[in-house]
Every structure is written in C-alpha cells, then in structure tokens.
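Okay, here's what each chain looks like letter by letter:
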Amino acid sequence: MTTATARVSRTGHSATKPSKNARSRERALAWARRAPLLPALVFLIVVTQLPFVVTLIISFLNWNSLRPDQTGFAGFENYIQVLTNADLRQAIFTTIVLTVSVVLASLLIGLGLALLLDKKFIGRGLARTLLIAPFLVVPVAAALVWKHALLNPTYGLINGILTWIWSLFGSSNPPQPDLLSQAPLTAVVLSLVWQWTPFMMLILLAGLQSRPMDTVEAAQMDGASPWDIFRHLTLPHLRQYLELGGLLGAIYIVQNFDAVFTLTSGGLGTANLPYAIYQTFYFANEYGLASAAGVVVVIGTIIVATFALRTVFSLFKKEAAR
Amino acid sequence: MSTLSPAAPRNTPAGPTALDTGTRRRGLGRFGGKSRMDPTRNSTAAGIAAWLLALLFAAPVLWMILTSFHSETDAATNPPSIAANLNLDAYQEFFGASSGVSPWPPLINSAMASVLSTVLVLLLSIPAAYALSIRPVKKWTDVMFFFLSTKMMPVVAAILPLYLFAKSVGALDNIWFLILMYTSMNLPIAVWMMRSFLAEVPVEMLEAAQIDGANLLLTLRKIIAPVAMPGIAATALICFIFSWNELLLARVLTGVVAGTAPVFLTGFVSSQGLFLAKVCAAAVVISLPVLFAGFAAQDKLVQGLSLGAVK
Numbered sequence: 001m002t003t004a005t006a007r008v009s010r011t012g013h014s015a016t017k018p019s020k021n022a023r024s025r026e027r028a029l030a031w032a033r034r035a036p037l038l039p040a041l042v043f044l045i046v047v048t049q050l051p052f053v054v055t056l057i058i059s060f061l062n063w064n065s066l067r068p069d070q071t072g073f074a075g076f077e078n079y080i081q082v083l084t085n086a087d088l089r090q091a092i093f094t095t096i097v098l099t100v101s102v103v104l105a106s107l108l109i110g111l112g113l114a115l116l117l118d119k120k121f122i123g124r125g126l127a128r129t130l131l132i133a134p135f136l137v138v139p140v141a142a143a144l145v146w147k148h149a150l151l152n153p154t155y156g157l158i159n160g161i162l163t164w165i166w167s168l169f170g171s172s173n174p175p176q177p178d179l180l181s182q183a184p185l186t187a188v189v190l191s192l193v194w195q196w197t198p199f200m201m202l203i204l205l206a207g208l209q210s211r212p213m214d215t216v217e218a219a220q221m222d223g224a225s226p227w228d229i230f231r232h233l234t235l236p237h238l239r240q241y242l243e244l245g246g247l248l249g250a251i252y253i254v255q256n257f258d259a260v261f262t263l264t265s266g267g268l269g270t271a272n273l274p275y276a277i278y279q280t281f282y283f284a285n286e287y288g289l290a291s292a293a294g295v296v297v298v299i300g301t302i303i304v305a306t307f308a309l310r311t312v313f314s315l316f317k318k319e320a321a322r
Numbered sequence: 001m002s003t004l005s006p007a008a009p010r011n012t013p014a015g016p017t018a019l020d021t022g023t024r025r026r027g028l029g030r031f032g033g034k035s036r037m038d039p040t041r042n043s044t045a046a047g048i049a050a051w052l053l054a055l056l057f058a059a060p061v062l063w064m065i066l067t068s069f070h071s072e073t074d075a076a077t078n079p080p081s082i083a084a085n086l087n088l089d090a091y092q093e094f095f096g097a098s099s100g101v102s103p104w105p106p107l108i109n110s111a112m113a114s115v116l117s118t119v120l121v122l123l124l125s126i127p128a129a130y131a132l133s134i135r136p137v138k139k140w141t142d143v144m145f146f147f148l149s150t151k152m153m154p155v156v157a158a159i160l161p162l163y164l165f166a167k168s169v170g171a172l173d174n175i176w177f178l179i180l181m182y183t184s185m186n187l188p189i190a191v192w193m194m195r196s197f198l199a200e201v202p203v204e205m206l207e208a209a210q211i212d213g214a215n216l217l218l219t220l221r222k223i224i225a226p227v228a229m230p231g232i233a234a235t236a237l238i239c240f241i242f243s244w245n246e247l248l249l250a251r252v253l254t255g256v257v258a259g260t261a262p263v264f265l266t267g268f269v270s271s272q273g274l275f276l277a278k279v280c281a282a283a284v285v286i287s288l289p290v291l292f293a294g295f296a297a298q299d300k301l302v303q304g305l306s307l308g309a310v311k
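Here the protein sequences line up with chains A and B, keeping their order.
The numbers in the working numbering rise by one with no breaks, and the one at position 8 of the first sequence is 8.
The numbers in the working numbering rise by one with no breaks, and the one at position 290 of the second sequence is 290.
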C-alpha cells in the first residue's frame, strides 16, 4: 500500500483549479494517502470501539448469565445500582484516591530523584540503573514480592528490619505493623508509588536535560540563587514534562488491576473499579451491572481526559503549526 | 525551545539521546566550552543522597533476588538472615523439581503473545505513522487523538463483550485471540511513538530525493530507515514489555492451555508451607526478560513510555 502512495506522491502536488478529470485524480490521491492508515484504524475500531458499543447495549439489560431466563431490558436500573450500590460507590472512591495519591507521590519523589540525578557524582549511571529497577519488575511479580517478602507481618523484610534495629538498642519488643490488614490501601499505594516513581523520574530527567543551559548560566552569573533558578527557570521548563508524566501515569494507574488483585484481592475497601467490574462479571455473572459500571468508568475517564488532553493538545498544536 | 512536541528537536537521530547523561553535557558544553560554569559539577551531598535513595528503591528487587537463592527456612526469618547460605533449590522447585508442574508452557505462551503481537503492531503502526507524518492525511491530528483516546478507555469497559465473543466462537483459552487483544492494546502507543520518529525524517531530503527521481524503496532505505530504525526498536521494546506484563486480559481470556506467565504466577501461591524463596525465584525468572530488555535500552524506555514525546 505504501507503493501506491509513493507513486502518487511523485506526480507532485495536484494542479490548481481542477477539471473533472483532475478532481477524480485528486480524490484518488487522497485515498492513496489514507490507505496506509486504514488497516490500523479499522483494526482498532473493530477491536476496541465495537466491543464498547456492545458494553453500552448490555448495560441497559438485566442480564445475569446464571439466570438466563430473566434476561430483559432494564432501562437505567443498572446505572442506578452502580451509583447506589455501596460496594461500587466505594470502588469509585477508591479508584480516585488510588490514582491521585499514586500520581502525586510518584511525581514528587520522581522530581526529587531527577534533580539529584541531574548532578554529577560518582557512579551516577549505576545509581540510575538501580532506580529504574522497580519499573522493570513484572507488576504481578512485584506485587507478590511486596505481599509476601516485604509486608508479611511475621517474616517480611520491613518488620524484619524493625526487629533488627530495635535489637540493636537492646529492645526485644519492636513494632511489627501489619500494613496489609491494618491499612491495605496504603500498602497498595506504597507498592504502586515504588513502581511508578522511576517512570516519572525518567520523564523529568529527560526534561531537565533539555533545559537551555545558557539561560541558567546567565542567571548564575547574575547571582541568582539555586532556589531562584529552580523556581523561575527549571520549574516552568519542567511544567509540561510534569503534566505529561501526570497524564500518562493517570491513564495507566486508573486501570490498575494487578496490584489490587494480588496484594489485597480487593478486600477491605481496596477494590478499585477495574477490580470491582472484574468481580461483578467474572464471579457474580452480573453482565448488565458490570457493563454499566464499565460505562461509568469511561464517562469518568472522558471527563478527566478532556482536561488532560487539552494539555497534550497545546503541546501538539505547536508542532502542527510547523 | 520546547522539546516535548514530538518533532521539535531536529538533532542527529542516531546520536546520543538526552539520557546519555555521562557523555553528553547539554548542547553548548559539548563543543568544548570548558571555561563555562557547570552548575552540575561534582556534588558530594547530592551523590550521597542519590545513592541512598537508589539503594532504598532497589532494595525490594535486591531482596527478591537474594531471597530466591536462600533456602525456604532462611527466607522466612525475623530478623532477616542476610548472610545465609545460597543455593538454587528455589529455582529447581520453580521449574517443577518436586511438583512436576513445568513453568515452560506459560513462559512460551508469554513469549509467543509478546513477540507476535509486537510484530503485528509494527506491521500496522509503521504504515499508519507514515500516513500521519511523512505524507499526512488531512486532519491527521484528529486521527492521532482518536488513537490516544482508545488508550484512555479502560480495558474493563470492553472486556465483557470480548469475553462473550471469544466464548461464542470458541476462542477462549486461545493464544491467538490474546495476541489480537495485545495488538489492539499496544497499537495506539505504537502509532504515537512511530509518528514522532518518522516526523524527524528531514522533509528537505525527501523532496530532494523526489526531484532526483529516487523510487520509494530507495527513499525508504536511504532516508527513512536510518531515522526510523531506533524508533522501531524503541516501539518494539515497549510493546513487548506491556504484553509480557499484562494480567487482566490474560486472566479472563485464557486458562489451562494458553495461560501466560503472569497468570501462572498468580496461581503459584496456593502452596503448602514455606514458599517465600520459591515465589521470589518465580518473580525473578518471569521478570528477567523485561529487566534485560529495559536495562539494555534505558533511554528507549523513556521515549516509548512517553509515546515518543520525550526524546
């Protein structure tokens, strides 16, 4: 298909005021341009948009696969249930708390780390490699390690280290918190912040290193303090990188399933929407209800995304204007 | 000034990327302005802080690796036995020494799903990116945002129809269906990334080639490929990692036959008695491909994850 495009392209730009013949050629040209795009576009529409339309339809049905005889039109019944059902309302709330706290914390810590890594010091390359490591552990594996090897109240590393530190001071009565049952959402947030901080750090580091250094140097010559430089030069420059990191982080973390599934199995108020929906259709077989919840997630995402997309769009327009 | 917009920096594509911190000092410094003040000169305090934090962040990974070489009794002590004897028992157990359950089928499934979906993604995204950058269609920005918006739709919002469809046509527990799902999951990201790379192909050179009557093949080989190759590698890496890591779709759409490594891992912790070393060994083995790929191409990783926006 690319051959077709190129053959047309070599004929150069089409003539000005087209005759009938030229107009049909122009149309052919436009299609030749579109041709390489079509396979990807069609594939994506079929695999992602079509199923969503079906989800939309199912969301108005009363459909539980265990009671197929009672299947029928339900109107807005499922939606009312999503918004009134305590579990699903809790899931909406959990999703928001989880996403906001993980994105903010990992952005902040990532910024700190990026600023440190932007300095020269011995073994910087190795330090960076170590810092990236959390992001390169398969999420399920990371969640399992957190659950069993780190947070386990009796033999996890964290309580083990507390025991060790307390024993240094001759105490045989160290605190042994059980985060997974006392503050399960914190445990999930902690493990996700650990995994996502390197990602934010990498984006922000790339941002820092694209800073125009001559202005920084000029400011330094003029006696600007490091804080002034950070506040008035670095931070404004980093702004779009912060926004980009936040947007991408939010896209991925809203959909998080692995950590919730593995660490807490959605127990004790940690079930986010993806997990709750999975439960609703996979175990409770409430197809209609699960679909309505899915539609609610999409609506929520659209609301957030229009804000976020505006940011990306502003970056994008600069280029389009090129 | 901004380098965030995909095509803004038109520096040498094959040259070092921005993340090559050690060798490339930014812009001007590179050309030997040695009298310039370097605000990032050696900083001991920052170095110590960075190293401490690096060790803190890496600690869970290092602990995972260390524990995987411990015996089960040494793995589950409080306080931790850091200096315990090392052995390979946990790995032998993971590979089914006593249970007889081999992890190879799920590992092979994962490899198949990741590699083949990546190939499919490249086959679909490269022509699409071409039509969005080098010979852009009208309203190409709208098309770009359509691609991104499909990524914003959570998988859960479409998974039930996909599950029902797979069930009705007998494609449940079929690796090929999963491969198609992974292709659609990664396609939007790949299109964004590839577009940002192809947008770096110098337009003047393309026009010059056109005037000289170079055919498409020659143009592709001499002008587009050198710029696009690193981009293709970055895209492939990201798609591979995302597919390898994926759990939700694999869990819902596969079972005994086509189950992938992450699915295998979640079912691995039913266990009787002590299993900590075994879990760590399993986590290490399953993470190895991603760890290797990621460390080998750290800078590509950023480009990929930021959809090509950050160079």
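Calculated directly from the structure, the hints in this document are not laboratory data.
Positions of the beta carbon are idealized from the N, C-alpha and C atoms, including for glycine.
Be aware that one or more of the hints could be misleading.
Some residues of chain A that are not near chain B, with every Cβ distance over 12 Å (derived) [said to hold, decoys possible]:
hint	residue
1	R25
2	N62
3	D69
4	Q70
5	E77
6	T84
7	N85
8	A86
9	F93
10	R231
11	H232
SDA-like mimics (lysine to any residue), calculated; alpha carbons at most 20 Å apart, straight line [claimed, not checked]:
hint	chain 1	residue 1	chain 2	residue 2
12	B	K167	A	V47
13	B	K167	B	I179
14	B	K167	A	K120
15	A	K147	B	L148
16	B	K139	A	A35
17	B	K139	B	L120
18	A	K147	B	K222
19	B	K167	A	V46
20	B	K222	B	L237
21	B	K138	A	L41
22	B	K138	A	L29
23	B	K167	A	A284
24	A	K120	B	A49
25	A	K147	B	L66
26	A	K120	A	R211
27	A	K120	B	K222
28	A	K147	B	E72
29	B	K138	A	A32
30	B	K138	A	R27
Here are the simulated distance ranges between beta carbons [stated by the list, open to error]:
hint	chain 1	residue 1	chain 2	residue 2	range
31	B	Q92	A	E77	52 to 58 Å
32	A	L83	B	A83	55 to 61 Å
33	A	F76	B	E204	56 to 62 Å
34	B	R221	A	L83	56 to 62 Å
Now the hints, each set against the structure:
No beta-carbon of chain B comes within 12 Å of the beta-carbon of A/R25; the shortest separation is about 16 Å. Non-interface status of A/N62 relative to chain B is upheld: no Cβ of that chain comes within 12 Å, the nearest being about 15 Å off. With a cut of 12 Å on Cβ distances, A/D69 stays outside the contact zone with chain B, its closest approach being about 18 Å. At roughly 17 Å, the least C-beta separation between A/Q70 and chain B is larger than 12 Å, which holds for a residue marked as non-interface.
Look at A/E77: its CB is around 17 Å from the nearest CB on chain B, clear of 12 Å, so calling it non-interface holds up. With a minimum CB-CB distance of about 20 Å to chain B, A/T84 clears the 12 Å threshold, and the non-interface call stands. Every Cβ of chain B is farther than 12 Å from the Cβ of A/N85; the closest lies at roughly 16 Å, confirming the non-interface assignment. The non-interface label for A/A86 is consistent with chain B: the shortest C-beta to C-beta separation is roughly 20 Å, beyond 12 Å.
Once the 12 Å rule is applied to beta carbons, A/F93 is consistent with being away from chain B; the minimum gap is 17 Å. The non-interface label for A/R231 is consistent with chain B: the shortest C-beta to C-beta separation is roughly 15 Å, beyond 12 Å. Distance to chain B confirms A/H232 as a non-interface residue, since its nearest Cβ pair spans about 14 Å, more than 12 Å. For the hint pairing B/K167 with A/V47, the CA-to-CA distance comes to about 15 Å; that is within 20 Å, so the pair holds.
A threshold of 20 Å between alpha carbons decides the hint, and for B/K167 with B/I179 the separation of about 16 Å falls inside it, so the pair holds. The suggested pairing of B/K167 with A/K120 is violated, with an alpha-carbon distance near 57 Å, which exceeds 20 Å. Taking the CA atoms of A/K147 and B/L148, the gap is near 33 Å; set against the 20 Å cutoff, the hint is violated. The straight-line distance between the Cα atoms of B/K139 and A/A35 is roughly 15 Å, inside the 20 Å bound, and the hint therefore holds.
A hinted pair counts as satisfied when its Cα atoms are at most 20 Å apart, and B/K139 with B/L120 does not qualify at roughly 25 Å. Restraint check: the Cα-Cα separation between A/K147 and B/K222 comes to about 52 Å, which exceeds 20 Å; the hinted pair is violated. Taking the CA atoms of B/K167 and A/V46, the gap is near 17 Å; set against the 20 Å cutoff, the hint holds. Restraint check: the Cα-Cα separation between B/K222 and B/L237 comes to about 24 Å, which exceeds 20 Å; the hinted pair is violated.
Distance hint between B/K138 and A/L41 is fulfilled; the C-alpha atoms sit about 15 Å from each other, no more than 20 Å. Taking the CA atoms of B/K138 and A/L29, the gap is about 12 Å. The hint holds against a cut of 20 Å. Of the pairs offered as hints, the one joining B/K167 and A/A284 holds, with about 17 Å between alpha carbons and a cut-off of 20 Å not exceeded. Between A/K120 and B/A49 the CA atoms are separated by roughly 12 Å; this keeps the pair inside 20 Å, and the hint holds.
Annotation: proposed proximity of A/K147 to B/L66 holds, straight-line Cα distance about 17 Å (limit 20 Å). Using a Cα cut-off of 20 Å, the hinted pair A/K120 and A/R211 holds, with the two alpha carbons roughly 16 Å apart. For the given pair, A/K120 sits about 38 Å from B/K222 by alpha-carbon distance, which is inconsistent with the 20 Å threshold. Taking the CA atoms of A/K147 and B/E72, the gap is about 16 Å. The hint holds against a cut of 20 Å.
With a C-alpha separation of about 12 Å, the suggested pair B/K138 and A/A32 falls inside the 20 Å cut-off, and the hint holds. As the CA atoms of B/K138 and A/R27 are separated by approximately 12 Å, the hinted pair is consistent with the 20 Å bound. Separated by about 55 Å at the C-beta atoms, B/Q92 and A/E77 satisfy the suggested range of 52 to 58 Å. Roughly 56 Å separates the CB atoms of A/L83 and B/A83, a value that falls within the hinted 55 to 61 Å.
As the Cβ distance of A/F76 to B/E204 is approximately 58 Å, the hint placing it in 56 to 62 Å holds. Roughly 58 Å separates the CB atoms of B/R221 and A/L83, a value that falls within the hinted 56 to 62 Å.
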